[in-house]
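Chemist: Starting from the known structure of chain L, arrange chain U on it as the hints suggest.
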Amino acid sequence: MWEYTDKLREHFFNPRNVGEIENPDGLGDVGSLACGDALRLTFKLDENGRIKDARFKTFGCASAIATSSVLTEMMKGKTLEEAEKITNKDIADYLGGLPEQKMHCSVMGREALEAAIENYRTGGQKKHELEGKVVCTCFGVTEEEIERIVAENNLTTTEQVTNYCKAGGGCGGCLGEIEKIIENVQGQQAHKKPTPTHTRPKKLTNLQKINLIQQTINEQIRPALRAHGGNIELIDVESDKVIVAFREMCAQCHLAEFTMKEVVESKLREFVSEGIVVEEEEQSARQPHKHRE
Amino acid sequence: MNKTVYFDNNATTKVAPEVLAAIEPYFCELYGNPSSMHTFGGQVGHNIRDARQQTADLLGCEPEEIVFTGCGTESDNAAIKGAIAAQPNKRKIITSRVEHPAVLQVCRDLEAEGYTLAEIGVDSQGSLDIDQLEEELDESVALVTIMHANNETGVVFPIEQIAEMVTSRGIIFHTDAVQTAGKIPLDMKESSIDLLSISGHKLHAPKGVGALYIRKGTRIKPFIVGGHQEANRRAGTENVPGIIGMGKACELAKDNIEDENTRVKDLRDRLEQQVVAKCSNCWVNSKEAPRLPNTSNISFEYIEGEAILLMLDQLGICASSGSACTSGSLEPSHVLRAMGVPFTAAHGSIRFSLSRYNTAEEIDYLAEHIPAVIEKLRELSPFAKK
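Protein sequence lines correspond, in order, to chains L and U. First residue of the first sequence? That's 7 in my numbering, and the numbers climb one at a time after it. First residue of the second sequence? That's -2 in my numbering, and the numbers climb one at a time after it.
Honestly, the hints are just simulated from the structure, not real lab data. All values reported here derive from a predicted model rather than from experimental measurement. Any given hint could be a false lead.
Restraint-style ranges between C-beta atoms, simulated for each label pair [to be verified]:
| id | chain 1 | residue 1 | chain 2 | residue 2 | range |
| --- | --- | --- | --- | --- | --- |
| 1 | L | Asn20 | U | Gly38 | 56 to 62 Å |
| 2 | L | Asp12 | U | Tyr354 | 31 to 37 Å |
| 3 | L | Gly235 | U | Glu15 | 25 to 31 Å |
| 4 | L | Asp52 | U | Thr1 | 46 to 52 Å |
| 5 | L | Thr128 | U | Asp310 | 41 to 47 Å |
| 6 | U | Gln311 | L | Gly83 | 28 to 34 Å |
| 7 | U | Gly38 | L | Asp99 | 57 to 63 Å |
| 8 | L | Gly193 | U | His225 | 55 to 61 Å |
| 9 | L | Asp99 | U | Phe380 | 28 to 34 Å |
| 10 | U | Glu365 | L | Asn190 | 55 to 61 Å |
| 11 | L | Glu9 | U | Glu376 | 57 to 63 Å |
| 12 | L | Gly235 | U | Thr1 | 50 to 56 Å |
| 13 | L | Asp96 | U | Glu376 | 54 to 60 Å |
| 14 | U | Gln311 | L | Asn54 | 38 to 44 Å |
All C-beta atoms, glycine included, are put in the ideal place defined by N, C-alpha and C.
This is chain L alone, in the form it adopts within the complex:
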């Protein structure tokens, strides 16, 4: 059971400002059903440009609902310039803290607020959009967003990044990339730590090499394939030639060839040895496999 503060529980059981303003000045929609939480935030300004009313509708757990509720309370009476200074940390602090794994709820609140303000400034034209390169495809989180969350909350581990914005919490295929982002951001900040960069081993016995190939498949390749219902198996290693077989959904996927070169081979080259060539096992090469829809 989660350790929720009394204040959070109170806002969950008695949420303030539930609903949707008709003809709002600003509207922000973030999250989705698939992600497990979503928030629609609307606000109206008074004649002095201050937020007169703010309303929310939230799909999500207790902390998602409570953070939305306090966000509307915090916004009211502020000018847009003041409101846009509210950070996810402010929202969490207002509730007396959130469990670490629930910090993404406060980030969702801040994102909705920004989206609603942007929507107002573009005259209702602009809805929230992803900008820049998507790092986490499971939850649709961009590089820019991760950089910002890392910097604002001074995060140092991938686990924290997952707690704050979900990135890396699905198949785990992007954790390496998130690690690099953390290194970049933290490197730019004052307390610079020597960044451990990944190095390929210089010399390997045959047994060590096969183990490293297996390990790379387990840690770097399989999670991403499994997220799409596929799988891969190591069949044989002959010098630099690595023979694999695709299983399950991958076995009937027309993108498997692309996956082979772009994912399997490039990862093995990166982690094991430059000269690796990957081939698909011939006899089992993608026999049509009966699958249910």
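Modeler: For chain U alone, coordinates are given in the frame of chain L:
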């Protein structure tokens, strides 16, 4: 109603008062070590023998085929790793996509060590793809491990048909029967199952005890070594109170199995009928499949499971959810996803699991209060239709 209404019996159960009474003397009076040479310890060994007989009677097997363990998870680990280790030349394992992590994670770890793993899928009702299983069976398979009934949906797999298909090819078959022991009659004498796991605390014994049935002649390497206990198959001084409790609970389970399939099943059906009638946009998952008599998994569209649980908790009602938020992970239940339950409903799934201690009044109390909870959360949700 100020008391706790407990609908989470697939998570754990209340210790039966008869079980508690049976255990009680083993803490301060009969505390001897059954391995000791003196009568004081030795007498405890006799009582363990009785408990082994009671457990064997529930499963319809010989007492020598029962090994007591620390929990259901240990039984699963011991069965899978032990069977694999005894056949070093066979490198393939078959399981299902909807197993409990106590099986699935063990299999995936073995896959990471280089074993070939095939995970059999299920259809939208949660029933196993038997054809796919048959296709995967070949001479390289060391072990097939498929659960008897699913802990989240209650779907019961045709375990005898599967066991026959697997063992007739000379392959070892293990099943996780943690959810079925005491709810579905088991008779190992008439069965082809080689290995079967059960857990004490799912059938009104205390936590900290489980058992593994090992068919006579099944080759299995011990998982915990360093002592002669359990005929050298599971080292470590016996958890005497736990084992005595397990025996008593198995005896009671055998007597109550009919009650589980009549009265408890009627309560479950009453719960489903009332909840579905009183709440909109909800349905029972796996309703068309054969199910455990005590389990109901209901999806409420457009709202999230943890929020529902917290509001039920406020009313003293205990249940569980397959939503992402309750598990601390970010994705909803692997079982519901394997069945293809849409995200609109997977995040809002609630499992109610009953026991023989539940009453009709408790069902009516739930049915009376849950519509307001669902309604309130729907009002908050941006997706709910007006």
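Chemist: Check the structure against each numbered hint from earlier and tell me which ones fail, lowest number first.
Modeler: 3, 11, 12 and 13
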